[in-house]
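Just need the whole structure built from these sequences, with the hints factored in.
Number of protein chains: 2
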Amino acid sequence: MAQDAVHINLNGGRSYAIQFAPFRAVPRLLAAAELRKGPCLIVTDTNVAGLYLEKLRGYLLKAGWSPLPGLILPAGERSKAPELLQQIYDHALGAGIDRQTPVLALGGGVIGDLAGYAAATLLRGLPLVHLPTSLIAQVDSSIGGKTGINHSVGKNLIGAFYQPKLVCTDLDALQSLPELEWTSGLAEVVKHGLIADAEFAHELSTNWDRILRRDKNTVRHMVIKAAAIKARIVSEDERESSLRAILNFGHTFGHAIERIAGYGQFTHGEAVAVGMRAALKVSVLLNPDLPYTTIDSLLKRLPVRNSIKDLDPTKLTQTMYFDKKVQAGRLRLVLLRGIGSAYVTDKVTEEQISAGWDSARNA
Amino acid sequence: MAQDAVHINLNGGRSYAIQFAPFRAVPRLLAAAELRKGPCLIVTDTNVAGLYLEKLRGYLLKAGWSPLPGLILPAGERSKAPELLQQIYDHALGAGIDRQTPVLALGGGVIGDLAGYAAATLLRGLPLVHLPTSLIAQVDSSIGGKTGINHSVGKNLIGAFYQPKLVCTDLDALQSLPELEWTSGLAEVVKHGLIADAEFAHELSTNWDRILRRDKNTVRHMVIKAAAIKARIVSEDERESSLRAILNFGHTFGHAIERIAGYGQFTHGEAVAVGMRAALKVSVLLNPDLPYTTIDSLLKRLPVRNSIKDLDPTKLTQTMYFDKKVQAGRLRLVLLRGIGSAYVTDKVTEEQISAGWDSARNA
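Protein sequence lines correspond, in order, to chains A and B.
Note that the numbering used here numbers the first sequence so that position 122 is 1354, with each residue one more than the last.
Note that the numbering used here numbers the second sequence so that position 281 is 1513, with each residue one more than the last.
Hints were generated in silico from the structure; no laboratory data involved.
Where hints are given, some of them may not hold.
Same chains, same label: a pair holds when it works inside one copy or across any pair of copies.
Claimed, not checked - Cut-off 35 Å, straight-line C-alpha distance, at most; resulting in silico cross-link-like pairs (DSBU-like, lysine-lysine):
| id | residue 1 | residue 2 |
| --- | --- | --- |
| 1 | 1579 | 1397 |
| 2 | 1448 | 1532 |
| 3 | 1579 | 1269 |
| 4 | 1532 | 1287 |
| 5 | 1547 | 1269 |
| 6 | 1287 | 1541 |
| 7 | 1387 | 1397 |
| 8 | 1294 | 1541 |
| 9 | 1287 | 1547 |
Laid out in structure tokens, this is it:
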């Protein structure tokens, strides 16, 4: 039987738990996290509200909480914008929050990032609870405290590191996830294996068919394992000064794809899937001993609807230099040393990056 | 000879120094704080730019830094608004910052709060350096990591706790401060004495004439002492969970005055001066042994241009209940136990608050 909680310990004695439990357990878990029973603010989106909002309100009311009117935002990446952030501020301040009013972010990565950032900055910080419903949120974005919104110059350029008091991950929510969101989330799962856990990467290959059809036991094991990998990495490096950067494997390429293709053409997961292929190619150019074919065959299992063949490679490369990981004009990339082992380097040439794009284009 | 630095130690091993030194020492102090020499972004306002911006750029250029084009914002509290924050974001991201680009907040409390909040949230946190030029910034707002902007519902409702890497306080800047800003800042100095240091409060009474005419040695001693008091309090309670709340003595009343009178009718310091008189009255109602006359005579020395006699006391009281320190509908107030000793209570009645307003009105 798999464990049903992952604990995150940060410096300064701060810690919190990722609990794998159905949402009906939320009131009990809020109490265990010592949050003050009373008003709370649920922020969700139009996709998720119909499935869980009233149920969650019901659980909370029954346990003696007084949920404020919920806020239902438009689903999608475009909601990570200053205007929507302002809408949360207006709603929350109008509803009469105080510093102990928890914000419950019920949804996928966009809601987690946006509501998390609102919680980080309202009254200089309200207690935050993540209730992730998508795969990408459950294994990645709800863990580690990154919150933020987009700026016209690029994604996630405005934000804060802000840790939740609790993450409650309802694995059943994954069963109702649209297929595209499911397969997109798998990109981050595969990434966790490739950068940090060779055994897990191997398991993913072995179990791939069961994963695609969302076999419950396989999914449970996979999500808890992937969440634990992320938790371990961010516990060691909360503010992304070193180790944590390896989580960006495939992301510098991926962000460029999202940016040049226009938001919506590629999901984040699809862009990362293609980006990992490019990063893998660069990795093998620097280290010919890398088991390229084994890794590439795992990456090719990630479904991607579109190709990057119509995207201008020069523009893609230029965009990478605008990514916020660029330091003093030198592009830092995450590459693989082997399966389960990644590193950061600024010793990559533009030619090698071009070769990476070529490889991803023709994959 | 007074010390020329105050050190702030926070949990998790974080620390930084408040250096009392002329701005020409900034490049040396940046190096000592281990900030990466290269591009940096100076944010200032129209009042301060003419006095210090070019000088500071000169010092930095001479030492091998490459200051990005400086950003000069309109002076005044109205700049603590979402639109001006967005202007900093646009300017900074357009200028090509990366995560190691320091933001230098050159100015008074508004610039420190606004540029500090921009630094806290750009790329999830850039290194922040405070260069406070006003008395209120030097003894209060640059110390403790509070940053933020206003919302139409109230002041400082959006923000973050974000610690600077360095504070460089040039005491000579105080000599060119407009009289109104000088006397307004004295309110926070007096407050620091009343809540935490009876000996300092006594010194202020004794030295009041020298303080008003800004005798250099007296000012130096006073500012360093006041900064050290604030530093001690915030070191013990970075996130305002308990002790730090005493710094709000006079502020819940003061915020209501600022809000009802309309921003600009009272400076923050004037509003706090009047607010402290009201809070003192409430304090003595709860504790008749308080040396009311001694304290009130010190408070009366703080110059205030306007009276609150035209402000509706009912509205003032209602506004206090919207202050972000309100928890679950109970108003928490900071009161004095004695000179140099303050406490927080939620046991104050609306009648006692009204008596406070009456006292401040007729002072």
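Against the structure, the hints come out as follows:
1. 1579 / 1397: between (39 Å within a copy, 29 Å between copies)
2. 1448 / 1532: within (24 Å within a copy, 72 Å between copies)
3. 1579 / 1269: between (53 Å within a copy, 21 Å between copies)
4. 1532 / 1287: neither (38 Å within a copy, 58 Å between copies)
5. 1547 / 1269: Answer is between; shortest inter-copy Cα gap is 30 Å, intra-copy 52 Å.
6. 1287 / 1541: neither (45 Å within a copy, 52 Å between copies)
7. 1387 / 1397: Both: 25 Å inside a copy, 26 Å across copies.
8. 1294 / 1541: The answer is neither: 54 Å in one copy and 49 Å across copies each exceed 35 Å.
9. 1287 / 1547: neither (46 Å within a copy, 40 Å between copies)
Checked against the numbered hints given earlier, the structure breaks hints 4, 6, 8, 9 and satisfies all the rest.
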